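Engineer: Could you use the hints to bring the two separately framed chains together as a complex?
Chains as they are written, first to last, in my numbering: chain A, 23 to 539; chain B, 72 to 442.
Keep in mind that the hints were calculated from the coordinates and are not lab data.
Treat the numbers as computed from the prediction; the structure is a model and nothing was measured.
Hints may contain errors.
[Unchecked claim] Counterexamples of contact, computed for chain B against chain A with all Cβ distances above 12 Å:
no.	residue
1	Asn141
2	Tyr190
3	Ala193
4	Thr285
5	Val305
6	Ala323
[To be verified] Where chain B lies over chain A, by a calculated footprint (3+ residues, C-beta under 8 Å):
no.	region
7	82–89
8	451–457
9	484–494
[What the hints assert, rightly or not] Have a look at the derived ranges for each label pair, beta carbon to beta carbon:
no.	chain 1	residue 1	chain 2	residue 2	range
10	B	Phe78	A	Glu185	55 to 61 Å
11	A	Ile434	B	Glu308	24 to 30 Å
12	B	Asp129	A	Leu63	44 to 50 Å
13	B	Thr326	A	Gly444	25 to 31 Å
14	A	Ile434	B	Arg131	21 to 27 Å
15	A	Val496	B	Glu308	49 to 55 Å
16	B	Asp290	A	Thr68	54 to 60 Å
17	B	Val160	A	Leu63	52 to 58 Å
18	B	Phe97	A	His114	49 to 55 Å
19	A	Gly444	B	Asn243	45 to 51 Å
20	A	Gly71	B	Glu124	43 to 49 Å
21	B	Asp129	A	His114	26 to 32 Å
Even glycine gets a Cβ: it sits at the ideal position worked out from N, Cα and C.
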Amino acid sequence: MEEKSHLLPYATRSDFHVGRATELSGRRRLLYRILEILPGLASWTTLIGVILMSIYIPFWAAYFIIAFALFWVLKTAFLSYHLRYNWMRLRHHMKLDWSSLVERFTFDHIYHVVILPFYQEPIEIIEATLQSLAEVKYDLKNIVVVLATEERAGSTAQIIAKEMKAKWGDRFGYFLITTHPANVQGEMAGKGSNATFAAEEVRIKVLDLHGIRYNHTIVSIFDIDTVLYPDYFNCLIWHFMTVKRPLKSSFQPVPIFNNNMWQASALARVVAMSSTFWEMVQQERPERMATFSSHSVSFQALYEVGYWQNNMVSEDSRIYWNLLIANDGEYDVVPLSYPVSMDANAATTFWHTVVQIYKQHRRWTYGVENFCYISYHFLQNKNIPLRKRIKIIFQQAEGYWSLVTNPIMLFILGWAPIFLGGQEFHQTVLSYNLPIVVRNLLILAMFGLVISSIISLSLIPPRPKEASRLRYIVMALQWLLVPATMIIFSAVPGLDAQTRLMFGRYMGFWVTPKNRI
Amino acid sequence: MGLVFIFLLTVPMFVFYATGYRYDFFSPTGGLTTTGGLYISILSENGELFLDEKPVQDVRIFRKASYIQNITPGVHRIHVQEEGMQTWVKELPIYPYMVTEAEAFLFPKRPQVRLITEYQTATGSPIYLGMSSSTKILPFASTSLPILITKNRATSTLTLNSEYSFILALFNEQTKSTSTLLKRMTDEISSAFVFSNPQTKVSASSSTELATTTRLYRDIKLYEKGGEIYAKYVGAEQDIPYYFCVPQSSLASTTELYGAQVMKGVVQAMEESALLGTTETTNKSRICRSEIKIDTKGHKVIYFDFFPDNGDLVLLQLDNGIFVVEIDDRSWQNSQQLYPASAEKIIVNNGIIYVKDHGIYFELLTKLLVF
Numbered sequence: 023m024e025e026k027s028h029l030l031p032y033a034t035r036s037d038f039h040v041g042r043a044t045e046l047s048g049r050r051r052l053l054y055r056i057l058e059i060l061p062g063l064a065s066w067t068t069l070i071g072v073i074l075m076s077i078y079i080p081f082w083a084a085y086f087i088i089a090f091a092l093f094w095v096l097k098t099a100f101l102s103y104h105l106r107y108n109w110m111r112l113r114h115h116m117k118l119d120w121s122s123l124v125e126r127f128t129f130d131h132i133y134h135v136v137i138l139p140f141y142q143e144p145i146e147i148i149e150a151t152l153q154s155l156a157e158v159k160y161d162l163k164n165i166v167v168v169l170a171t172e173e174r175a176g177s178t179a180q181i182i183a184k185e186m187k188a189k190w191g192d193r194f195g196y197f198l199i200t201t202h203p204a205n206v207q208g209e210m211a212g213k214g215s216n217a218t219f220a221a222e223e224v225r226i227k228v229l230d231l232h233g234i235r236y237n238h239t240i241v242s243i244f245d246i247d248t249v250l251y252p253d254y255f256n257c258l259i260w261h262f263m264t265v266k267r268p269l270k271s272s273f274q275p276v277p278i279f280n281n282n283m284w285q286a287s288a289l290a291r292v293v294a295m296s297s298t299f300w301e302m303v304q305q306e307r308p309e310r311m312a313t314f315s316s317h318s319v320s321f322q323a324l325y326e327v328g329y330w331q332n333n334m335v336s337e338d339s340r341i342y343w344n345l346l347i348a349n350d351g352e353y354d355v356v357p358l359s360y361p362v363s364m365d366a367n368a369a370t371t372f373w374h375t376v377v378q379i380y381k382q383h384r385r386w387t388y389g390v391e392n393f394c395y396i397s398y399h400f401l402q403n404k405n406i407p408l409r410k411r412i413k414i415i416f417q418q419a420e421g422y423w424s425l426v427t428n429p430i431m432l433f434i435l436g437w438a439p440i441f442l443g444g445q446e447f448h449q450t451v452l453s454y455n456l457p458i459v460v461r462n463l464l465i466l467a468m469f470g471l472v473i474s475s476i477i478s479l480s481l482i483p484p485r486p487k488e489a490s491r492l493r494y495i496v497m498a499l500q501w502l503l504v505p506a507t508m509i510i511f512s513a514v515p516g517l518d519a520q521t522r523l524m525f526g527r528y529m530g531f532w533v534t535p536k537n538r539i
Numbered sequence: 072m073g074l075v076f077i078f079l080l081t082v083p084m085f086v087f088y089a090t091g092y093r094y095d096f097f098s099p100t101g102g103l104t105t106t107g108g109l110y111i112s113i114l115s116e117n118g119e120l121f122l123d124e125k126p127v128q129d130v131r132i133f134r135k136a137s138y139i140q141n142i143t144p145g146v147h148r149i150h151v152q153e154e155g156m157q158t159w160v161k162e163l164p165i166y167p168y169m170v171t172e173a174e175a176f177l178f179p180k181r182p183q184v185r186l187i188t189e190y191q192t193a194t195g196s197p198i199y200l201g202m203s204s205s206t207k208i209l210p211f212a213s214t215s216l217p218i219l220i221t222k223n224r225a226t227s228t229l230t231l232n233s234e235y236s237f238i239l240a241l242f243n244e245q246t247k248s249t250s251t252l253l254k255r256m257t258d259e260i261s262s263a264f265v266f267s268n269p270q271t272k273v274s275a276s277s278s279t280e281l282a283t284t285t286r287l288y289r290d291i292k293l294y295e296k297g298g299e300i301y302a303k304y305v306g307a308e309q310d311i312p313y314y315f316c317v318p319q320s321s322l323a324s325t326t327e328l329y330g331a332q333v334m335k336g337v338v339q340a341m342e343e344s345a346l347l348g349t350t351e352t353t354n355k356s357r358i359c360r361s362e363i364k365i366d367t368k369g370h371k372v373i374y375f376d377f378f379p380d381n382g383d384l385v386l387l388q389l390d391n392g393i394f395v396v397e398i399d400d401r402s403w404q405n406s407q408q409l410y411p412a413s414a415e416k417i418i419v420n421n422g423i424i425y426v427k428d429h430g431i432y433f434e435l436l437t438k439l440l441v442f
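Next up, chain B with everything else stripped away, as it sits in the complex (with noise of 0.2 Å):
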């Protein structure tokens, strides 16, 4: 009889707690209070995550996702640093029984690099001839893998990098205009290659001009419109990514906690909307929009795709530098550099960012290098 009572006292504080009750024993008021979560992926394994500038510890539920509970509904600021990082921010409203979503990103603040180079020492080190020591090969990136710069154009001891092959054939076939001679070489280096296979994908950048081609990932297109880029959701309407919607309940607010980008979002999908008869951006508690403007901060894009194995992230090649966008506007979009200049051109390969800068090769990685 003891437990049926205890049982019976209990369940009601687990379900007003798992729903996100809380009762605030120390506020003036007392009672009951509600509370919204936030639930954020930082891409980054070990970066730092704050809520309001003060950091939040122990929230981490999968390696990379984190789920912070007991937030006070309001607009909170969320950044996310680590050491030699970019920092990602973001300014969020939280609401009661909700919990908001959001992915964070960060890069590298020196752009760190992988060199490629035709030959190679016995270790594997990339080695550049006929050059003086005090050559600085890359400007404005760094990296902490050794290379050989030596004034000897020798190759007797040194071993060629077929990778570099691979890597050449790679940026040539882009630029030469027969299809068919570029498929053929193509398909004779893949299967020349261990790290080539045949799910291989290959986009690559014009240094000229900007590419047409719309990209299409997880159901997020990303095209060029009048010079700008805009990511678009063509997939079922449940399966939409959360940042293309906003609480039907805070509509009226939506700049305010959102930003003026995604009113206007807002408001256009709504007109779509009410021109069509149909009640595809809404359900029951949200408005979605199908489409969002990449912010390239008026610099001309030359070359755009998904940023490797992210549907959230827009790997953008502008006149300034190669950036990483987030689709998500919410509040703004996060815009991180992963190369200071435009290069003359880049390729994403089988998920890897290949870049060729005043004629050498590199990979542009998007982690620390740490010895």
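If we strip away everything but chain A, and leave its shape as in the complex, we get (with noise of 0.2 Å):
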């Protein structure tokens, strides 16, 4: 029987780690099933319902696009204002001298566990995330890495960790290389999964080998593409010994997409700094937040909630709303301000890159697949504050809403009363002053882009002596593109995901091919 006295009690549940509704029985599989249905039904009712609206009462159509074009501009303010000032915010963090901040606290005994996920990239990919690793201003003697390969990545990806292993093993307290192996019944195959068997592996192998306590462990999931910068374990050991409750809480930093900002195309450039702006917005609004992509927690509470689930897509969220519920609501994200730069999705060519943009934001999109775990324990675990349990219901069912339906009601469906509502309709001053007031509204939204190609700007590597300086012309025009890349790598895959899910046809792990072109 496997072990589960050192789980939080809520985590001993066994639909704690539920992934989907088949995994269920009864009228538990029910619940978790209409949930799964609710936001694509949420979704498509929206949008039909706003082209049904413009045939049949598109008076009434008009009005209401006219209040979603007026919300989009007060909601782009309000983003924009969080951005700019995560961006100063960011920037203050980054010329702050954190070893001398740090200086106060006695650290010693605090060990880092860096997880380095790892499947088929290539060498210098791991290599440019290893080299970073070594020039962080911190005692490597504290940090154990752990190169997390998969089994079924074949004997190429096993010779090109030992070959790492031999070149960087020396440098940190410990070099582990984990192999997940494959086809383990049960598990979807994927970060999560990997992830957790190397979580596992470390706590046998190194924490309970050498005495190292849990709570006195930080685990760092990196993905294998992230650079860190050079203080990033003193900002974080910062906030570690400042926060309310350190073992409560995970660490986010703001995952820069910019390790191949001048070989990437300015599509690619466009939507992986649009990523890295809503993490930016997120990170000065923290009650909004859950973890995303690369990001820090202490190995105490992961190992109180058994690691991360490795059934499902979005690991990488589903971990902090694992600890959340399980802690009965008492625990936190909290924002670093300080960045890691990983690559921007970026193809050989661009119709690549466009399959592989899609299919990456279809996996993030199906994050969506939080929102009924969110949901059914927040019906379960009635610890958690009803008041916090509706805030952040709320907050989710939005933001799943928002990220498919404005781009497409905003960009498309707008027009649709002129040309469905028929010639009455047609002959009303609403009728024409409609797509005046909605272009004249996008365009004041616009200008929120405007600061969004500022920063972006601030936020690109040193350009290369091969690389002309036109381009940082075109790196500030690329942001035009964004009406479009709303449409096509936000809404349509979030819709294509929310879709999935409510037929039931579960997505399973995509891993982005990283190349550096």
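Structural biologist: Set out below in structure tokens:
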């Protein structure tokens, strides 16, 4: 029988790590299935509803669209304000001398476990990550590097891992290669199952073996293309030592997808930087935050919930919800406002880039499966304050609904009453003014892009010698692509993901190919 | 919270604005006023738009369409003018919250032609042989395209104009009676020239009698009845052109707002509807006629057709010239002269108006030629 004594009481439930409705039975299964249907149903109802309204009650559809465009302008202003503020905070944090700031603390006893899940990425990607790790301003002897390989990746991955260990192993306190076995019953092959296997391996082979306490260990799980800035661990330890409840907190850096910014296409750059900006905005409102991509968390907290889920796609954000629910709502995400650099999603050809970005964003937006999980457990765990549960559900529902419906409604369906409204509507001032009002509001909202453009230029790496200075102009103007990218790489993959979940066509983990062009 | 407040405050303002409400700060009575709009498409891109004799600018929403907002309800005079072109004028009622539609057309004051001769120079200019240079080719029309007139009859340095052969055959085919021969010729000619295509449409006039053929274009049928020309809408009710209809709300004022001719048509439509026990002429907000008489100003009609590629304009060959008349009879029908004499014959072929007058063949142009 599986050992569960280390788990928090709520985490011992058989349905705590539920990944999908089919893993449950009876009424719970029905409830979870309904929750899986809800997001897609809401999005489709909205989109079809706007079309039907445009046909049958075009005046109301027009009022709704005007109100919606106005809502979008205010939302853009709100997000731009947060973005600008976080940009200033980020720059400030990057200028700080974190080494001197942490001098007042005693933290020699704290170990950092760095888990690097690794599939079939090229050696230069791993090399760059390990090099940046070796160059951090921190005592490397307190860092445990775990190169978490996959058995299904084949022998080449093992050779690369061994080569990396040979080259970098003696630089760190410990260097562990783990090999997550292939075809484990009940697991979904992906980052979550690999990371969980690696965490358990490091517990047994390093922490327990050397008597390192779990509550003195911070786990940082980084995507394999994550390049660290020198003060990452100092910044992390400062926050760890100063937050109210360090063992009940996850620490979220800002993922800046800029490693290959000068090599990636304008499309890839815009999409990548948009993701960065979204995280920057979230950093300014941590009450709405969940962990995303690379992040850090105490080993104790992870151990108490059984690590990452190995049966679903969005393990990076799901771990936060696991922790929040298992801790009865007493769990936080702490924004670090300190960057880690990652790769923009770019392939060797434009079309491959488009496909890759689409698939990556479909995987990210499949995070809507968390909505089902949260809703399900919020109905079960009454220890979490009701107000908090309602607030989170509303925020999550609005977030997933907006992601899919807003761009389509603004840029496509905003014109529906004009085409579908019929003769009676077509003769009105409202019919003629609708596109003018919506267009002007969208232009107003586009001023947010100017801020985005300026900020993005400040976040790109130094210009390589071979790159023309004119590229800066392209990089500033590339933001004009945003209306298209919002639809193609946000709304459509989001709708795709929600529809799959709605019909029970569950997604597997798709590994984003990493390559430096 | 502040943003929610701003949102709740501004949504009604935007909705009212979009609907046509305006707040008049300078009005002695103050308060909200209601406005309407005018959507006008202008066939000429350089036409200048005037509302109540005042120029209206920066209202283009498309290349050839303008939308004027904030018009106070009531009858307004709209005119469109352009140097060298005839002026289009109309008086139309503007209703609160509603947009009145119109289509303006401007054709040259002095007819513009492109002469088509049997021979042409190496540079493609038409040339008339065996004529004095002082000969006036066409007394009523002008062209800024180069024409050569020479007493010489030698053709060795000239090239045969293939278009002339085509036009000649086109005009001849309409006068011959053997349809099989005509068809054969047309087929041969069509296959021989690049400016002919399988969709070529040909219609022609006869200088001696009124054509009785009906013309159909986008659900509007032009036909002759008792020596008069009528435009009848034969399509789906919801797609009927705006000028066939008047608002139900101002039915009693139809004569005052649109003229007696519109009122007559509306009454007729209502009578027909009552007789048939149908509601085909009406919907929730308007009453639609199915038929509009084309104003020929008492002149004899020799030929009629739709103006090329336009279902709202009628091309008329009258005994005093060639005209374009709009079907829209609200307030009146604008009529513009294309050619001031009743030519021998007119043929509309593939969107081009060809005319034969005094033995001269030419294309009638609808734009000013500017070089």
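Engineer: Could you check the structure against the hints above and give me the numbers of any it violates, in ascending order?
Structural biologist: 1, 9, 16 and 21
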